[in-house]
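Asker: Chain residues, written in single-letter form:
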Amino acid sequence: MIKGRKGVNNILRVLAVCGMGLGSALLLKMNIEEVLKDAGIEAKVEAADISIARGPNVDLIITSPGLAPRLGDVSAKIVTIHSFFDKNEMREKVLAALGIKD
Amino acid sequence: MAFITAFVRDILSQPAVLVGIATLIGLIALRKSASDVLTGTFKSVMGFLILVAGAITLIGSLDSLGPLLTEGFGIRGVIPNNEAIVALAQDVLGPETALIMIFGFVANILYARFTPLKYVFLTGHHTFYMACLLSAVLGTAGLSGAVLVIVASLILGALMVLMPAWADKTMQKITGGDEISLGHFGTLGYMASAYVGKLVGNPEDSIEDVKMPKGLGFLREPIVLTALVMAIIFIITVLFAGITFTQELSGGQNAIVFAIMQALTFAAGVAVVLVGVRMILAEIVPAFKGIAEKIVPDAKPALDCPVVFPFAPTAVIVGFLSSFVAGIIGMLLLGPIGLVIIVPGLVPHFFCGATAGVFGNTTGGRRGAIIGAFVHGLIISLLPALLLPVLGALGFEGTTFGDADFGWVGIALGYIARLFR
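Protein chains in written order, with our numbering: chain C, 1 to 102; chain X, 1001 to 1421.
These are calculated hints, taken from the structure and not from any lab test. Mixed in with the good hints, there may be bad ones.
BS3-like mimics (lysine-lysine), calculated; alpha carbons at most 27 Å apart, straight line [stated by the list, open to error]:
| id | chain 1 | residue 1 | chain 2 | residue 2 |
| --- | --- | --- | --- | --- |
| 1 | X | K1211 | C | K37 |
| 2 | X | K1173 | C | K37 |
| 3 | C | K77 | C | K93 |
| 4 | X | K1173 | X | K1211 |
| 5 | C | K37 | X | K1198 |
| 6 | X | K1118 | X | K1289 |
| 7 | X | K1198 | X | K1169 |
| 8 | X | K1198 | X | K1211 |
| 9 | C | K37 | C | K87 |
| 10 | C | K44 | X | K1198 |
| 11 | C | K87 | X | K1198 |
| 12 | X | K1118 | C | K44 |
| 13 | C | K37 | X | K1289 |
| 14 | X | K1173 | C | K44 |
| 15 | X | K1169 | C | K44 |
| 16 | X | K1289 | X | K1032 |
| 17 | X | K1300 | C | K93 |
| 18 | X | K1043 | C | K44 |
| 19 | X | K1294 | C | K37 |
| 20 | X | K1173 | X | K1300 |
| 21 | C | K93 | X | K1198 |
| 22 | C | K93 | C | K37 |
| 23 | C | K37 | X | K1043 |
| 24 | C | K77 | C | K87 |
| 25 | X | K1300 | X | K1289 |
| 26 | C | K44 | C | K101 |
| 27 | X | K1294 | X | K1043 |
| 28 | C | K37 | X | K1169 |
| 29 | C | K77 | C | K101 |
| 30 | C | K87 | C | K44 |
| 31 | C | K37 | C | K101 |
| 32 | C | K93 | X | K1118 |
| 33 | X | K1032 | C | K87 |
| 34 | C | K93 | X | K1043 |
| 35 | C | K87 | X | K1173 |
| 36 | X | K1118 | X | K1300 |
| 37 | X | K1300 | X | K1032 |
Bear in mind that the values here come from a model prediction, so they are computed numbers and not experimental data.
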């Protein structure tokens, strides 16, 4: 089980980020939650927009390629995914970012 | 005894509570833990209250802009922004909106189960906004109570499967697959753009082959852009309305400072509304998805428009800009014709213009993207103006619904209802 560096109770804190933090972020959040659950990783996933993404206590940020450069200097690991609905891509990239073998 | 009846009546007329109850039922149906059910329910109730707080924040700035526009240009101006109009509507239409949304979800599942239209509309905020539009239009047309909720929910559920179906073929071209459909109430505009693209363009000539300058990255944060564009609109309006008039309105505060602060307050209010909507949806949409998956497992998810953006990122930016320019031109044309001027709403032009760009690019390459999105921009400059009269009292706020489908559905229903009077 992966432990979060900053999360409360060592639970990984993941943010799904999109432009308004509404529709696509929520979609991303639901898919990421399933991917992490299937991989047995305990995490708290939230939908957000960019301003929240820059806040503290975030371990992993998942977003689209267009938005990743806008995040600036954050200590969280950034994962860019091209498709909001391809769980295979998400699983590959998220596990890679967490240093876990697929 | 009277106290208990009053308690039940008053608490059930709180839209926040209705949303909470729906979330509660949904979470229990999915057999979530007691702790998850409790936190989920409380969060969705509070989300609603946060939305209302956002409304209170932005209404002040809209109430300033109205008189400034009238003084400066001699005509009523309206800035379409879905978050703003829906938040303002909750005061009067809250309970109906909540119920229509909830039963709209149910209707969607029923249509998907019993008709060939197998789609599950997962863009929760659009379901919410369309529920609000339907309650405003049908309420103004004379329906109320259970009849209003039932009729509106049936219409909402139908839209939740029909719009994705309409866009389906084009979506397959865009995504190169058949896994998802589009769940967004701007579909009229996107299909218009796709049609224009087919007429004027060459699909082989994709706009993605054109290189975009890097510096345009800031165009990806709509909240920031909303603040910026509103500031420009406010400042220009203040200059036309005159310093004296403005400073009377501002209680003496410097006119330009007033303009900037009011603009930023509007954007801040929208940001708060978004936090609230996010909290409501974070619980209710997964519940809806979970239940839908059990009842209609072969249905295609209908997703929010940004899911197409990665397939044509240049078309996204070009579509937004083209639509916005059309919005400015539309505003300058509508004024003299005597309709209300529709000041271009940043958020609709951003998300819907971008999507129109992607649709136009798919059928007509670069010409399709630019001209298709331009046509989209004209559509969403005209429809809101025609929508205002059927919204009743809600048509007199300084803002209204922005996306194309809210426009045509509202107008169509408003006029059909008139035939029944």
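Asker: For a C-alpha distance cap of 27 Å, please report whether K1300/X and K93/C respect it.
Answerer: holds (25 Å)
Asker: Assess, step by step, whether the Cα of K1032/X is no farther than 27 Å from the Cα of K87/C, and give holds or violated.
Answerer: Satisfied, since the Cα-Cα distance of roughly 23 Å is no more than 27 Å.
Asker: Would you mind confirming whether the straight-line C-alpha gap from K77/C to K101/C stays at or under 27 Å?
Answerer: Cα-Cα ~17 Å, so holds.
Asker: For the pair we were handed, K1294/X and K1043/X, check the Cα-Cα distance against 27 Å.
Answerer: holds (25 Å)
Asker: Holds or violated: are the alpha carbons of K1300/X and K1289/X at most 27 Å from each other?
Answerer: holds (11 Å)
Asker: Is K37/C within 27 Å of K87/C, Cα to Cα?
Answerer: holds (12 Å)
Asker: Would you check the hint for K1294/X and K37/C, treating anything up to 27 Å between C-alpha atoms as holding?
Answerer: Measuring from Cα to Cα gives roughly 19 Å; hence the hint holds.
Asker: Tell me if the straight-line CA distance from K37/C to K101/C falls inside 27 Å.
Answerer: Cα-Cα ~15 Å, so holds.
Asker: Given the hinted pair K44/C and K1198/X, is their Cα-Cα distance within 27 Å?
Answerer: violated (45 Å)
Asker: Is the Cα-Cα distance between K1173/X and K44/C 27 Å or less?
Answerer: violated (35 Å)
Asker: Hinted pair, alpha-carbon criterion (27 Å max): K1118/X, K1289/X. Please report holds or violated.
Answerer: This hinted pair holds, its Cα atoms lying about 14 Å apart.
Asker: When you check the alpha-carbon spacing of K1173/X and K1211/X, does it fall within 27 Å?
Answerer: OK: K1173/X and K1211/X at ~22 Å, within 27 Å.
In this structure, the hints that do not hold are numbers 1, 2, 5, 10, 11, 12, 14, 15, 21, 28, 32, 34, in rising order.
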